[in-house]
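Visitor: Modelling step: build the complete structure from the supplied sequences, incorporating the hints.
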Amino acid sequence: MNKKFIMNTYSRFDVTFDYGKGCFLYDTNGKKYIDFASGIAVNSLGYGCKKIENTILNQSKKLLHCSNLYWSEPQIELAQKLCNNSSFDKAFFCNSGAEANEAALKLAKIYAKKNKGDNCTKFIAFKNSFHGRTIGALSLTGQDKYQKNFTPLMSEVKFAAYNDINSLKECLDKNVCAIFLEPIQGEGGIIPAKEEFLKEVRKICTENNIALIFDEVQCGMGRCGKLFAHQVYNINPDIVTLAKAIGGGIPMGAMLANDKFASSFGIGDHASTFGGNLLACACANVVVDEILNTNLLENVAQMSAYFFEKLNKLKEKYSFIKDVRGLGLMLGIELDTSVKEIANKAFSEGLLILSAGSNVVRFVPPLIIDKKVADEGFLILEKVFKNIKGE
1 MNKKFIMNTY SRFDVTFDYG KGCFLYDTNG KKYIDFASGI AVNSLGYGCK
51 KIENTILNQS KKLLHCSNLY WSEPQIELAQ KLCNNSSFDK AFFCNSGAEA
101 NEAALKLAKI YAKKNKGDNC TKFIAFKNSF HGRTIGALSL TGQDKYQKNF
151 TPLMSEVKFA AYNDINSLKE CLDKNVCAIF LEPIQGEGGI IPAKEEFLKE
201 VRKICTENNI ALIFDEVQCG MGRCGKLFAH QVYNINPDIV TLAKAIGGGI
251 PMGAMLANDK FASSFGIGDH ASTFGGNLLA CACANVVVDE ILNTNLLENV
301 AQMSAYFFEK LNKLKEKYSF IKDVRGLGLM LGIELDTSVK EIANKAFSEG
351 LLILSAGSNV VRFVPPLIID KKVADEGFLI LEKVFKNIKG E
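In full-length UniProt numbering, the protein residues as written are 1 to 391.
Keep in mind that the hints were calculated from the coordinates and are not lab data. Every residue gets a Cβ at the ideal spot worked out from N, C-alpha and C, and that includes glycine.
No more than 27 Å apart at the CA atoms, straight line, and that leaves these computed lysine-lysine pairs for DSS-like:
(1) K383 - K322
(2) K386 - K371
(3) K114 - K169
(4) K310 - K386
(5) K169 - K145
(6) K169 - K106
(7) K114 - K260
(8) K322 - K310
Here are the computed distance ranges between Cβ atoms for each label pair:
(9) T28 - T134: 31 to 37 Å
(10) N234 - K32: 38 to 44 Å
(11) N29 - F274: 33 to 39 Å
(12) N115 - S348: 52 to 58 Å
Guide: What follows is the structure in structure tokens.
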């Protein structure tokens, strides 16, 4: 294949995958890989899911796309499922996490403009956060390495220290329209929010009529053991953003909001040509049904405990592992050695893992993973660790 026609925006592993089955991927040479990455937390139902395959086939025979100038049954069905199983009242559909966050940003701004005045345009986000690469989402991303080549960005964003309520309070003023946060920082190093911190943030937003926006692009849709990550904490944001796993591998994003904020959008205030695409929504309905109506979340709980057990045993054995953390099947191990080296060696041995920040290995396997597959992956991981240690 001639690769020169692809823009140089990714540091890619030297592999081309051909097909997948369950928790395994197979390259064009037939080599098998155990997948602890899920296409960066996308393929939660694994590969070759028959329900997804049949849905794609059936929907493609009917309609792939029909403009949002008309109603769509899969879209209405999906919105109803998401709202009926949460504290939200309305949904807006788009194509990615960055788009979902842009939609949330606009909704917060228009609510504030209508209810708090033209000067209420400021946002508070958090250091080491990641919300996407479009200009608005990038402005809320608290990492200089992503921002530096694209400045100036939105100027009215202040960054507080994550899990630090005093730092957040220092950023407050009467013109803050929204607080934007990840319940678990993903790219920032797999750092779960503390429950007391989220409770205080919720209280501050309620008292000051500030929109509380949770970015659950990576941590939502069953990844943390509930349909939504915030349900683990029993704390309801005003707005939530979703993507990655929601479409079952089909590009899909969503923003949900309670009526207080959702009612601020009028006709023409926001739109997306492909948002709520029939094929994407049909597949998303399968994903949500699997989360709600099968033992998938039970499996997440069981396998989360198993991953923690295995990772903590590795931590006891290898001094370069400094911390094990995460929630559900979104886990990380903090190292004092090169994550890139470990990821490369694991890849060579047939295990796909990810980095999160500069010194954290991220594990986001398919939610269908079982102990047998996990054990295969951990055998490779320990082999890599022994090699790093020089045993």
